[in-house]
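Colleague: Could you build the full structure based on these sequences and the hints that come with them?
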Amino acid sequence: MTSPIPGVSLAGFTGVSAISGAASTPAASSTSGSDFASVLASSLDSLQSTQSKADNLATQAATGDLQDVSDYMIASNEASLATEMVVSIKNQAVSAFNEIMRMQV
Amino acid sequence: MALFDALSIAGSGMLAHRKWLDAVSDNISNINTPSRTSEDAFKERMVDVQAVNYGQGDGGVKVAGVTFGSGEGRVVYEPDNPLADANGNVKYPDIDLGDQMAELMMAQRGYQANATVIDRATDAYKAALQLGKG
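As they're listed, the protein sequences go chains A and B.
Residues in the first sequence are numbered consecutively from 1, following the working numbering.
Residues in the second sequence are numbered consecutively from 1001, following the working numbering.
Calculated from the structure, these hints are not laboratory results.
It cannot be assumed that every hint is accurate.
Calculated cross-link-like contacts (lysine-lysine; reagent style BS3-like; alpha-carbon spacing at most 30 angstroms) [to be verified]:
(1) Lys1043(B) with Lys53(A)
(2) Lys53(A) with Lys1126(B)
(3) Lys1126(B) with Lys90(A)
Quick partial rundown of chain B residues pointing at chain A, CB under 8 angstroms, derived from the structure [said to hold, decoys possible]:
(4) Leu1003
(5) Leu1007
(6) Gly1011
(7) Leu1015
(8) Arg1018
(9) Val1066
(10) Phe1068
(11) Thr1116
(12) Val1117
(13) Thr1122
(14) Tyr1125
(15) Leu1129
Since we're looking at a predicted model, the values are computed, not measured.
Quick reminder that beta carbons are idealized off the backbone N, C-alpha and C, glycines included.
Modeller: Here it is, written out as structure tokens:
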């Protein structure tokens, strides 16, 4: 899942970094790279690990190895929140890109 | 995950209260278990909990261990019990049922409170994700 979207990040979102750098928000400076593409890539990585954790717990629930019911519900809740977050970051990025594409020359 | 910390912290609270519920149910289920006067009676189980890196690090609570109550018990005269000694006495655990019921209520309410925290935190995070969509 991660492989196609970093391809998108290479396509020219690095240009957005000037905007996020100008804003100099604490959230942007706390990440390793302040540009938008690396923020998107790192949030995709964390989404991947959250989803695989929820998947493991779902397997445990199916095989009867699950120790704690709340564990699985919390993990799936976290996975759905993280998915929602990454998707909305992606949507904002695409709409910014479209906005620039519509610019009159 | 650092982003949705409130969920995992409340999850640790749910786990600790579930262990407490387990201990209380163990105590109540053995409240009428007799034993020989030469042996220890069933020992009450008490869960020790501990804060995790309070104010720094992960936060939350963890179960540090289990403490056992006294095995002394109370001696009851029951000559027809197969476990009775020469004087007709057996031992019953010295656990107070009223005490256990109070602990049961506290553990159950604590569990519910942590579940509510997870619900509310999810709502809050969802509200944050709606920012800028209007």
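Colleague: If a hint holds in the structure, say so; if it does not, say that too.
Modeller: Hint check results:
{"no.": "1", "hint": "Lys1043(B) with Lys53(A)", "in the structure": "violated, 38 angstroms"}
{"no.": "2", "hint": "Lys53(A) with Lys1126(B)", "in the structure": "holds, 21 angstroms"}
{"no.": "3", "hint": "Lys1126(B) with Lys90(A)", "in the structure": "holds, 16 angstroms"}
{"no.": "4", "hint": "Leu1003", "in the structure": "holds, 7 angstroms"}
{"no.": "5", "hint": "Leu1007", "in the structure": "holds, 5 angstroms"}
{"no.": "6", "hint": "Gly1011", "in the structure": "holds, 5 angstroms"}
{"no.": "7", "hint": "Leu1015", "in the structure": "holds, 6 angstroms"}
{"no.": "8", "hint": "Arg1018", "in the structure": "holds, 7 angstroms"}
{"no.": "9", "hint": "Val1066", "in the structure": "violated, 17 angstroms"}
{"no.": "10", "hint": "Phe1068", "in the structure": "violated, 23 angstroms"}
{"no.": "11", "hint": "Thr1116", "in the structure": "violated, 12 angstroms"}
{"no.": "12", "hint": "Val1117", "in the structure": "violated, 11 angstroms"}
{"no.": "13", "hint": "Thr1122", "in the structure": "holds, 6 angstroms"}
{"no.": "14", "hint": "Tyr1125", "in the structure": "holds, 5 angstroms"}
{"no.": "15", "hint": "Leu1129", "in the structure": "holds, 5 angstroms"}
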